[in-house]
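Novice: Residue numbers (this note's numbering), protein chains in the order written: chain P, 1 to 103; chain B, 1 to 417.
There's no promise every hint is true.
[As the list claims (entries may be wrong)] Using C-beta positions, here's what the derived DEER-type ranges look like:
1) P/Asp-5 - B/Ala-192: 30 to 38 Å
2) P/Glu-63 - B/Glu-315: 46 to 54 Å
3) P/Leu-64 - B/Lys-196: 43 to 51 Å
4) P/Ser-13 - B/Ala-316: 43 to 51 Å
5) B/Glu-303 - P/Leu-95: 54 to 62 Å
6) P/Arg-56 - B/Glu-303: 39 to 47 Å
[Said to hold, decoys possible] Once the Cα atoms are required to be at most 27 Å apart in a straight line, the calculated DSSO-like pairs of lysine-lysine come out as:
7) P/Lys-72 - B/Lys-347
8) B/Lys-141 - B/Lys-62
9) P/Lys-65 - B/Lys-347
10) B/Lys-229 - B/Lys-206
Note that these hints are calculated values from the structure, not bench results. In this text, a Cβ means the ideal position worked out from N, Cα and C, and glycines have one as well.
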Amino acid sequence: MDVNDIHSIEDYSPQTLRDLIGRVERSSTFEHMIYRESELDEVWRLLDGDILSAERRGSNAPELKNLVALRKLIVDAHDFIGNDSNTVDARDRLLQAVERVQG
Amino acid sequence: MLSREDNDVLTQVGKGTPNGEMIRQFWIPAMLASEISEPGGKPVRLRLLGEDLVAFRDSDGKIGLLEEQCPHRRASLALGDNSEGGLRCLYHGWKFGVDGRCMDTPTEPEDSKLCSRIKAVAYPVREVAGVIWTYMGDPAKIPQFPDFDFLSYPAEKVAAFKVLEDCNYAQAVEGTIDSAHAGVLHREQPWAAPAKYEHERDLRPKIEVEYTLYGLRYAGVRNFREEGKLHARVTEVILPFFTLIPPDGFGVRKNRRMANAFVPRDDVSTWHIQWFFDETQPVDIEYRIQEGGHWVDENFRKELNIDNWYNQDREAMKTSSMSGIKGILTQDHAVSETQGRILDRTKEHLGTSDVAVVAWRRQMIRAARTYAETGELPGVLTNTIPWNRIHASTVIFPNDRTWKEEVPLNADVALKA
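Could you build the full structure based on these sequences and the hints that come with them?
Specialist: Rendered as structure tokens:
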């Protein structure tokens with residue numbers, strides 16, 4: 001698992017998030033943090049798109065609420081990494097995100 | 001992407017804001033020396049970091065940078081009389097020296113002590129390589145001056161330009177730490193035509209970042225046209241808003257060594273100070289103006305600007321240019337200015353090519369918050385930085401090596417995690 005590079009993020013499936021957690025746990029330098037932040041940017045972007053689509057579809061409130069809550073966890077993890085290099089709290093938020101995706 | 005709160009920290013530069021206070025701890029380029037070249041000449045109004053100032057060269061040739069408003073009744077000192085070693089307000093004749101000291105209050109009683117108790121806000125200045133620099137921070141903490149080596153070049157081998165950019169400084173900085181855009185925005189062919197240069201052929205450089213005590217450096221690494229070789233352009237990014245741009249490496253452009261300072265005028269506009277330098281030959285100023293598009297009016301506003309939509313030429317876009325906009329600088333300003341006066345980073349979507357942008361933002365936000373909390377800056381001011389050894393570079397090297405091995409960072413400026 002190379003933490004010295006940005007990994008492509010195609011979705012926010014439990015496996016993708018677990019892989020990301022693994023890289024977060026092994027990240028220690030400032031450079032690692034910006035790579036992880038960039039990966040979290042991509043998860044954030046995917047969720048933005050899905051929330052927008054759900055709103056346009058008129059999705060039911062629980063589904064939309066779940067997506068919005070998921071995005072909040074990702075944004076929190078993103079800011080813990082970006083602002084404070086805080087991998088512990090970022091990992092915690094990502095674990096909560098995995099649980100939420102698994103339903 | 002940034003949260004609203006982080007975006008505010010990054011973009012707000014006024015007195016009392018975290019970032020504004022942090023930026024004030026650096027020497028910053030304020031204006032061209034040519035704007036006030038004549039001793040006793042016309043004072044010039046200048047906005048910097050949201051503060052309205054007046055610059056003047058007194059009758060003895062000394063430079064003053066004062067708060068524009070007279071401490072007495074707040075009339076503009078830029079209207080004043082610049083003679084006999086000071087600037088005299090037109091309203092009641094109060095006079096101030098370059099250090100802000102009150103020299104005369106002619107409408108007060110002869111025995112008045114008012115003058116000795118009054119001082120105009122004055123900032124220290126230095127005139128270096130055609131530019132007047134100032135320090136607007138804590139007078140007890142005047143930092144090391146950034147002695148970049150090009151600042152000591154002979155006058156004919158370094159040329160400074162100044163152009164107003166109609167947007168927040170941060171997005172202007174970000175435009176120059178984004179290697180990937182060069183092969184698109186500055187492409188000297190229509191999109192569908194074969195690429196002319198290396199960076200136009202390979203649009204997907206791998207961006208790698210290394211933090212330093214003065215900021216960061218990053219490389220855009222591409223496959224070189226020769227088998228087994230890589231090509232890297234290493235850009236230096238120096239806090240708070242300086243960038244040193246590497247030469248193109250192919251000898252395409254003349255005098256192609258460049259440094260930028262994106263000095264916040266206020267939250268929604270920027271003084272783009274740009275130096276071209278060449279230790280091998282004089283800088284061809286007319287050539288630089290033509291290539292860059294540095295055509296400006298008396299207020300340093302571009303002739304090609306957002307109000308005339310940069311005179312974008314749709315026909316040229318079909319024949320000779322991706323952008324249809326004349327001048328590399330104008331092209332850069334066009335994309336930065338059309339992001340909005342203050343880019344809303346909560347709405348953008350970053351890709352892997354934006355990693356240097358992410359790194360710079362984080363470093364700025366961290367520095368601003370650290371300064372707000374501790375009164376100290378990480379790295380830059382607490383260490384002796386060898387400014388004259390910071391160089392941007394372009395390197396071609398075997399693909400079993402890295403750019404960091406080719407251009408090793410001085411150990412004394414390496415940042416430890």
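Novice: Between B/Glu-303 and P/Leu-95, is the Cβ distance one that fits in 54 to 62 Å?
Specialist: Check passed, 56 Å falls within 54 to 62 Å.
Novice: When you check the alpha-carbon spacing of P/Lys-65 and B/Lys-347, does it fall within 27 Å?
Specialist: holds, 20 Å
Novice: Given the hint of 43 to 51 Å, check if P/Leu-64 and B/Lys-196 actually sit that far apart at their C-beta atoms.
Specialist: The hinted range 43 to 51 Å holds for P/Leu-64 and B/Lys-196, with Cβ atoms some 49 Å apart.
Novice: 43 to 51 Å was suggested as the range; check whether the CB atoms of P/Ser-13 and B/Ala-316 agree with it.
Specialist: Holds - the Cβ-Cβ distance for P/Ser-13 and B/Ala-316, about 46 Å, lies within 43 to 51 Å.
Novice: Given the hint of 30 to 38 Å, is the C-beta distance from P/Asp-5 to B/Ala-192 inside that range or not?
Specialist: Check passed, 32 Å falls within 30 to 38 Å.
Novice: Decide if the proposed pair is consistent with the structure: B/Lys-229 and B/Lys-206, CA atoms, cutoff 27 Å inclusive.
Specialist: Since the Cα atoms of B/Lys-229 and B/Lys-206 sit roughly 14 Å apart, the hinted pair holds (cutoff 27 Å).
Novice: Within 27 Å, alpha carbon to alpha carbon, are P/Lys-72 and B/Lys-347?
Specialist: Holds, at roughly 15 Å.
Novice: Would you say the C-beta atoms of P/Arg-56 and B/Glu-303 sit inside 39 to 47 Å of each other?
Specialist: holds, 44 Å
Novice: Run the distance test for B/Lys-141 versus B/Lys-62: straight-line Cα separation, threshold 27 Å.
Specialist: This hinted pair holds, its Cα atoms lying about 23 Å apart.
Novice: Taking the CB of P/Glu-63 and the CB of B/Glu-315, does the distance hold inside 46 to 54 Å?
Specialist: holds, 50 Å
When each numbered hint is compared with the structure, no violation occurs for any of them.
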